[in-house]
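Student: Protein chains in written order, with this note's numbering: chain R, 1 to 301; chain U, 1 to 306.
Bear in mind the hints are in silico, worked out from the structure with no lab data behind them.
Glycine residues also receive a C-beta, built at the ideal position from the N, C-alpha and C atoms.
Just so you know, not all the hints are guaranteed correct.
[Said to hold, decoys possible] Covered stretches of chain R, as calculated for chain U (at least 3 residues, CB under 8 Å):
id, stretch
1, 86 to 96
2, 135 to 141
3, 196 to 210
4, 237 to 251
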Amino acid sequence: MSSRINALDPSQTRSWLGRTLHYLLRDKAGAFGLVLFLFVVLSAVFAPYVAPHSPLQQDLHSSRMPPAWHEGGDWEHPLGTDNLGRDMLSRIIYGSRVSLTVGFFGVLISMSLGLVLGAIAGYLGGRVDAVIMAIANLFLAIPYLLLVVVVAAILGRSLINVILIFGLTNAPLFVRITRGEVFRIRKSGYVESAVSIGAGRARILGHHILPNLIGPMVTVATFEMSGMIFYEAGLGFLGLSVPPGVPSWGNMLAHGRQYITFSPWLAAFPGLAIVVTSLGMNLLGDWLRDVLDPKLRRTAS
Amino acid sequence: MQRYLFSRVIQSLALILGVLVLVFFLVRLTGDPARLMAPRDASPERVEQIREQYGFDRPIMVQLTEYLSHAARGDFGTSYHYRAPASELIVTRLPATLELALAALAFAVVVAVPLGILGGSNPGTVMDTLARGVGLIGQTVPNFWLALMLIVIFAVDLGWFPSFGRDGPRSLVLPAVALGFFPLGQFVRLTRSAVLEVRSADYVRTAYSKGLSTRIIYLRHIFRNVSITLVSIIGVQFGYMLGGSIYIESIFAWPGIGRMINEAVQNRDFILVQGIAVFSAGFVVVIQLLTDVAYALIDPRIRYEE
Chain R
1 MSSRINALDP SQTRSWLGRT LHYLLRDKAG AFGLVLFLFV VLSAVFAPYV APHSPLQQDL
61 HSSRMPPAWH EGGDWEHPLG TDNLGRDMLS RIIYGSRVSL TVGFFGVLIS MSLGLVLGAI
121 AGYLGGRVDA VIMAIANLFL AIPYLLLVVV VAAILGRSLI NVILIFGLTN APLFVRITRG
181 EVFRIRKSGY VESAVSIGAG RARILGHHIL PNLIGPMVTV ATFEMSGMIF YEAGLGFLGL
241 SVPPGVPSWG NMLAHGRQYI TFSPWLAAFP GLAIVVTSLG MNLLGDWLRD VLDPKLRRTA
301 S
Chain U
1 MQRYLFSRVI QSLALILGVL VLVFFLVRLT GDPARLMAPR DASPERVEQI REQYGFDRPI
61 MVQLTEYLSH AARGDFGTSY HYRAPASELI VTRLPATLEL ALAALAFAVV VAVPLGILGG
121 SNPGTVMDTL ARGVGLIGQT VPNFWLALML IVIFAVDLGW FPSFGRDGPR SLVLPAVALG
181 FFPLGQFVRL TRSAVLEVRS ADYVRTAYSK GLSTRIIYLR HIFRNVSITL VSIIGVQFGY
241 MLGGSIYIES IFAWPGIGRM INEAVQNRDF ILVQGIAVFS AGFVVVIQLL TDVAYALIDP
301 RIRYEE
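Generate the whole structure from the sequences, applying the supplied hints.
Tutor: In structure tokens form, the structure reads like this:
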């Protein structure tokens, strides 16, 4: 049955990977986003091999050196050094580890919570749905940045706390999306026919509802991960993220702010790192939305 | 319409009550609010004193009832640091924040709407690429970093604007641009896609075929649809700007609520933090209610959907 359908549709003739690559290469912006994203991920994973220095190694003789292309700069420290003489490039490379860890685990937690609670709410409906959605809407009512800052201030500085904060405060969004999708799919013809031939709840969830959720979830996850990287740096900037000794983009920005008048590069480069990462993930997210969910296709083309 | 209005007001009140309870429990998240509010190096006796002073040693339901009944009368406790009622402090700082938020909103709308309309009306042109580019950059540049870079370029290097303080219209420019940049990106994207969508709608084609001038079609149909889209997200944007003002006001030493939150957090003044959190959420809920009502007034489809 399925092979006959495949033969009729030319876009189905290639393997899944082949098709994905085909779509990706057609969208230059998406391909560029993927390259940027992989660049950041790879430099985080291989930080010890690509960083020219240790991110913690101090050298007070060469403190606050400007970038190499400026007068007084040296290619020994391509992006200059901070006030303790630590190499900026190496700190930025190591800083990507904090950002990506927070983004990845934050999304993992919020997506898992969102899937479970959203599926329960959407599938059971009634009072359970009302309670779950009331709590989700409550969290969405508080301005997001404010909520994150307040909870971070209450819990204190640590990597685990930051991951938990983003994981929990983002869950309501995933709950809402999952519930909406489950509602929509549950009412569709093929689910009703599956019910009528006696398929159980588990089978319907696993076979009909979950596969339909993958597209929207992956797309939202990309944007949310980019948002978490953004806000983690914001917390670091206020001194509310990972402890001050850890090289992270937010901590570097907070530090650079103090020298903004005479050594602006101390704040400029960590910020650029955030922009590049976020740009990559946003382009990738736009592309994923086009490929995985044709219904949401942006009105560009 | 009346029924819609009534149910929205009830909903909003329930939401504010919920936020009050949520914030109450958030402050008690670590299990020991006295420890949280005491200075880091406070002696155990001092912590004990704070516990008694704020009544944290009483049963939690007693505390919650008292907190709610005080909140209903507009009393959010006394700031530990400023030794003044939290509500009074918030009201004093509110005008500065509103001024900044409105300026940022105005900047975003004034730049975004023309750009979005030009881009959406001429898909595939340079104008469209520009609109899409601005839409994307608005989303990817953190406002706290943008604020620092604006200071480096326009305050330190060029000396055009002051780098901090609230002293006349010139001091408003850099903070408003930094805070308005994210909404700007979102407005451009929404305007552009609203125009693209409306351009090909049947009624616009009908209007063209009736021989109406482009100017009239833009005013009557396209502009109207764009304004509906924008009004619907202004509530959300206010929430974002209240949060974003934490960074922007701290960087520019702007004497508003955002800067006060940051100070309160650094001073561990959690009575004040709690007050600001409830107040901001309430503010956003009310703005949301007002935009929903405005939305229902502009767009009859919403009213009749119930």
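Student: Next step is simple, just say for each hint if it's right about the structure.
Tutor: Here is how each hint holds up against the structure:
1. Interface restraint, the stretch 86 to 96 of chain R with chain U: violated (0 residues with C-beta to C-beta distance below 8 Å; minimum three).
2. With 4 residues having a Cβ less than 8 Å from any Cβ of chain U, the stretch 135 to 141 of chain R passes the three-residue criterion, so the hint holds.
3. A stretch counts as covered by a chain when three or more of its residues have a beta carbon under 8 Å from one of that chain; for the stretch 196 to 210 of chain R and chain U the count is 0, and the coverage is violated.
4. Proximity of the stretch 237 to 251 of chain R to chain U, defined as three or more residues with a beta carbon under 8 Å from a beta carbon of that chain, is established by the 4 residues found.
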